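One letter stands for each residue in the lines below.
Number of protein chains: 4
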Amino acid sequence: MTSGPVWAENDQPLKENWAPSEWGADDKVGAVNRTTPTMVLSAAKLVKQGKVATLGKVYQQDMPLYGSRGWRMTIPGLPTYSPIGEQEAVANDEYLAAEIGQVGTQFDGPGHFGVLTSKGHFFYNGRYLEDDDITGYGMGSLGVEHVARVGFVCRGVLLDAVTYRGGRLPIPISQSMDDPGIITAKDVETMIRKQGIDPIREGDCLFLYTGHGDIWHPSMWDTYNAAEKQKRIAEFNAGGPGFGLSACEYLVSRKIILWGGDTAATEAVGRDWGGENAQPFECHIKMMTRSGIWNLENLDLSQLVADKTYEFLFAWSPLKIKGGTGSPGNPIAIY
Amino acid sequence: MTSGPVWAENDQPLKENWAPSEWGADDKVGAVNRTTPTMVLSAAKLVKQGKVATLGKVYQQDMPLYGSRGWRMTIPGLPTYSPIGEQEAVANDEYLAAEIGQVGTQFDGPGHFGVLTSKGHFFYNGRYLEDDDITGYGMGSLGVEHVARVGFVCRGVLLDAVTYRGGRLPIPISQSMDDPGIITAKDVETMIRKQGIDPIREGDCLFLYTGHGDIWHPSMWDTYNAAEKQKRIAEFNAGGPGFGLSACEYLVSRKIILWGGDTAATEAVGRDWGGENAQPFECHIKMMTRSGIWNLENLDLSQLVADKTYEFLFAWSPLKIKGGTGSPGNPIAIY
Amino acid sequence: MTSGPVWAENDQPLKENWAPSEWGADDKVGAVNRTTPTMVLSAAKLVKQGKVATLGKVYQQDMPLYGSRGWRMTIPGLPTYSPIGEQEAVANDEYLAAEIGQVGTQFDGPGHFGVLTSKGHFFYNGRYLEDDDITGYGMGSLGVEHVARVGFVCRGVLLDAVTYRGGRLPIPISQSMDDPGIITAKDVETMIRKQGIDPIREGDCLFLYTGHGDIWHPSMWDTYNAAEKQKRIAEFNAGGPGFGLSACEYLVSRKIILWGGDTAATEAVGRDWGGENAQPFECHIKMMTRSGIWNLENLDLSQLVADKTYEFLFAWSPLKIKGGTGSPGNPIAIY
Amino acid sequence: MTSGPVWAENDQPLKENWAPSEWGADDKVGAVNRTTPTMVLSAAKLVKQGKVATLGKVYQQDMPLYGSRGWRMTIPGLPTYSPIGEQEAVANDEYLAAEIGQVGTQFDGPGHFGVLTSKGHFFYNGRYLEDDDITGYGMGSLGVEHVARVGFVCRGVLLDAVTYRGGRLPIPISQSMDDPGIITAKDVETMIRKQGIDPIREGDCLFLYTGHGDIWHPSMWDTYNAAEKQKRIAEFNAGGPGFGLSACEYLVSRKIILWGGDTAATEAVGRDWGGENAQPFECHIKMMTRSGIWNLENLDLSQLVADKTYEFLFAWSPLKIKGGTGSPGNPIAIY
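Residue numbers (my numbering), protein chains in the order written: chain H, 18 to 352; chain W, 18 to 352; chain U, 18 to 352; chain B, 18 to 352.
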């Protein structure tokens, strides 16, 4: 027999007073609170060529999926509805079963990531999974619909780490700041300078291109056969380059409102981490659970990279999924 | 025993040569082809106050749903993932089963609506459900991912029929142009003039506010009890005011690229239609199957209406759901 | 901020040493361990007329469902598979999303019911939801597949409480032994005697007919219109007559291996319970969590009742759903 | 543009008058009509040792699945229901999305298999997919619930082809009667004689053990690692030994009521079939579409084989899934 539930002694969120957040105990949306009309007007001025990029990847059954998540879609009937009226109109629906907010291009909302403490499962702004409004049918006050009512309209900033590093970043094998798969605070500043764009400022939405996402290639995926797909899924899921802790602390200090990239986590996830000093998903905790800066993963940044477009108007909102932990997405960049 | 499959004799799409479309036999996206950089730049100039509205409704199990469509969401585990690492990070997913592209705020793509003919089930640009690439697992060339690669960035135009008619429009009871639930071509022109906005032009995205969508109220829905919700669902689903055929023909002639509104069909759907002259969903056929102008239904237009904002930058793309008939959405209006 | 997780102080399972069970700490199946070849041979002798009854109800979307459980089925494609071979064979599948083990005729396995204690969520034989093998993807050692490997072949005994009480039993309004919706230990003994069958003995499978299940009538359901179905669902779900605590204690003492009936809980569930002395689902706890006697609910007993068949060979096993909490079923009675 | 729907010219079902069936034009259940009380009494007499075998395989996400069928199960909440009452009772459900009737141990009912003809998609007893009662939400008159109301109680007969052939049967590479993966009519008769059991007679349920099912081993599956499972799934799905056409014609002539086995099709499915003479799934058509003898696939016959039990009381019914094409199962053998 077990000796009973073992609660964490890691009370960092409690000791450090992560709650209430700077937007008050009732806040349900986090850093997107920072957006002002002035920021929106400023971002709209980035539209200069009249070009549009859609940043979502294609959702399909054989895409890379984390753990046992799934995506199954069928068309009932084909046609779903029998002919009606004189014109004999017919119509189709699609029926989907999926971890809808956590597959493919995916947005991590307030209910996705937290930390176990001695007082329960701590989430953004001091909410706990043990709270009465949070059940197996939805995340209550942590639901993504609250953020989705606000939406993200911001200056989008693209950091092109592939150009910066001279090639696709590898999956990290250590937590050393020198690991070529890790992007540090200094790397961020250097890329900003080299790419010739204004410093990161409050209200920005920041995206990182590592090249790792090209293993699951946005446009070539369906040209691979099943075996090639399997191989690529295994490599894509083995970990991912991305922001290290120093970069995340820096981004928090710059008061951005959204981070994202072309990998499944945006932060660095090592191939062989797990040793004594491992802090898996530390950026997730610092950025999201503590600071309310949500994360938009598995983006298709290829058009922006090809166009060397590093600043743009970013316009997108998650779906208003009541009680959802996240959302699928196909964000719009205009430039 | 049946006498065998009865095929339609209504060969309108064949007789009228609805295919190939004006964008060629290979086209998979329709009217969004019309968008030019000039149009995008022009639309961006509509951002004057720095305000943002999110136009999607909340997705939840007890929202109004058509026919036997469904929305079921659960949270596996709560937390879904056990604590990992020193910080004991935990995380949640949501698992959804739903007609994902045809519930709530919903986009009708090329695979949603067609017409039965003697040669098979005819869809946009002469594709047939009988084609080899279209199966019970996805719509092949009719899939919504093709449109979603392009996206909609356009001048959004809102027609406020509630102000125009002096109150919520009723569900039509006839197909008469005089039925107060039907919006005609002339009504469209009058509203444009009275609202003081530029005429409808090529590349516009046009949205109709009828008030019918307030039966399923965007912000008050969860204040109703179960019985009140049931009653409102019945009324919401009983039909809906909207564009009549003359308006749709007019909109096609104006070369808009998207139509939508606060009802489940955008076009008028009568309470007691079905008689000899009934042409159910005729606008769906004319706008979508014939003309490739897709439809975005069940929008929350309340903020735009309250702000009397009739022109805005509309920025949104459906999800790239491989083989999907449509998409959920939470579009962005910036003004 | 919450004051942290509140754990139960009701440590009945710990104080009363409900674990290990009488079949050892490793046991995963409970009372079905009692079945011997002699019992099976004896049960087979009850087959005298060569008649068969199937005891499951029809699974369909508009059946009564508890809470937010669901049942959605679609046919992908219709046909799902395109013609193959010279004979142009075609085939269909059905795609289902449902709380598969807890809808309609449903079997409660070891992972379905437990009690919160100071040491965690206590389940049969001292397993806890906090155990490592139990996750949001399956019940591990509590999974129904372990019981399903054994199966139930037993003397089926039917108690006809409708004949005994002179009509359909009402939903109880109190916990009084005199409430006409409650069946007591004495009632059980009296029914056995009046129905002229042998006393309940070790290894029996015992079923109770209350008439409440006829609100969701096994054969007439689809003759009702939607409004009638809604009304009946509300009444069916409002509670149910059934065994009271004395009956359950008696059945445990008689060492039966399965209990079931024509209601959603088999035990009495009151219409207005919840007061100071309420012990909701006390029989569930005593029979299942403590004693490993599983429960088969929402049976169609109508043919057995019509035939006045009170003893029969019962042959059925749950599905081997790895990690499932329960199972759907359509048990066989032979007599 | 396609030249329109191409209908089959193979009108075998029409030319041969496969409908109405011998049980009349209204019949929805097929050969199970043959069961008589005498047969049931006779079958019950086969219970001699008091032993029970459960014949279903374990349903789990990583089992072999045909095509794009799936099995996804999650536990909402864990516990799904918060503590209620003084005893703080808690409970769990499982939520499943699956091709429920066509995965794992699976029963093919009347709506599963048919043939394309010039008059539409022909199914058992002259029903067509084009019939009004058959939609993307259910198979109407072809639904499995009709068979499930009757159920299968019969003499179970096990043919042990592994002992007969001296080892696991290979996947056929030809349609030659001499291919070691094919069981002929003569093989059936020889096995019956060698195994020392009574000739096949009307009302029997006949099961074939080929050893192919042990690639997906009933008890060892979870001892394999992921790579080993992948390899075995590929081999299991590559085809399967089983009955050839002569055997099926013979079984029809013997008037059995159910056929099944340890493979995914029961009939032989070749590794490299598809040439000029290929008749894929010809037995499916002859046994089911024409003769109403349904098929129970992917059985776990290991206990019966180990016990050399070739005759037994078989008792099982599919689930009453309204409009389902098939059913999962865990049949009971008693001997």
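You may find that some hints are simply not true.
[Said to hold, decoys possible] Below 30 Å or equal to it, Euclidean Cα-Cα: the simulated DSS-like pairs (lysine-lysine) are: (1) 136/H to 68/U; (2) 211/W to 68/W; (3) 136/W to 136/B; (4) 325/U to 65/B; (5) 325/W to 68/H; (6) 32/B to 248/H; (7) 272/U to 136/U; (8) 246/B to 248/H; (9) 68/U to 203/B; (10) 203/W to 272/W; (11) 246/W to 272/U; (12) 211/U to 272/U; (13) 325/H to 65/W; (14) 303/B to 68/B; (15) 246/H to 325/H; (16) 65/H to 272/W; (17) 62/U to 272/B; (18) 272/H to 272/W; (19) 62/U to 325/B; (20) 136/W to 65/B; (21) 203/H to 272/H; (22) 65/H to 248/W; (23) 32/B to 68/U; (24) 325/B to 65/U; (25) 136/B to 303/B; (26) 62/U to 272/U; (27) 68/H to 272/W; (28) 248/W to 246/U; (29) 325/W to 211/W; (30) 65/U to 246/B.
Rather than coming from a laboratory, the hints here were simulated on the basis of the structure. Keep in mind the model is a prediction, meaning the values are calculated, not measured.
Results of checking the hints against the structure:
1. 136/H to 68/U: 60 Å, violated
2. 211/W to 68/W: 23 Å, holds
3. 136/W to 136/B: Given pair residue 136/W, residue 136/B holds - Cα atoms ~15 Å apart, limit 30 Å.
4. 325/U to 65/B: 28 Å, holds
5. 325/W to 68/H: 28 Å, holds
6. 32/B to 248/H: Not satisfied, since the Cα-Cα distance of roughly 51 Å exceeds 30 Å.
7. 272/U to 136/U: Roughly 29 Å separates the two Cα atoms, so the pair holds.
8. 246/B to 248/H: Holds: residue 246/B and residue 248/H sit about 16 Å apart, inside 30 Å.
9. 68/U to 203/B: 34 Å, violated
10. 203/W to 272/W: Judged against 30 Å, a Cα distance of about 17 Å means the pair holds.
11. 246/W to 272/U: 48 Å, violated
12. 211/U to 272/U: 21 Å, holds
13. 325/H to 65/W: Measuring from Cα to Cα gives roughly 28 Å; hence the hint holds.
14. 303/B to 68/B: Violated. Residue 303/B to residue 68/B sits at ~35 Å, over the 30 Å cutoff.
15. 246/H to 325/H: Answer holds: residue 246/H to residue 325/H is near 29 Å, not above 30 Å.
16. 65/H to 272/W: Cα-Cα ~25 Å, so holds.
17. 62/U to 272/B: Distance of about 27 Å is within 30 Å: holds.
18. 272/H to 272/W: 43 Å, violated
19. 62/U to 325/B: Answer holds: residue 62/U to residue 325/B is near 23 Å, not above 30 Å.
20. 136/W to 65/B: At roughly 62 Å apart (the allowed maximum being 30 Å), residue 65/B and residue 136/W break the hint.
21. 203/H to 272/H: 17 Å, holds
22. 65/H to 248/W: 50 Å, violated
23. 32/B to 68/U: Violated, at roughly 38 Å.
24. 325/B to 65/U: Roughly 28 Å separates the two Cα atoms, so the pair holds.
25. 136/B to 303/B: 19 Å, holds
26. 62/U to 272/U: Measuring from Cα to Cα gives roughly 21 Å; hence the hint holds.
27. 68/H to 272/W: Holds, at roughly 20 Å.
28. 248/W to 246/U: 16 Å, holds
29. 325/W to 211/W: 12 Å, holds
30. 65/U to 246/B: 47 Å, violated
Of the hints listed earlier, those the structure fails to meet are numbers 1, 6, 9, 11, 14, 18, 20, 22, 23, 30, in rising order.
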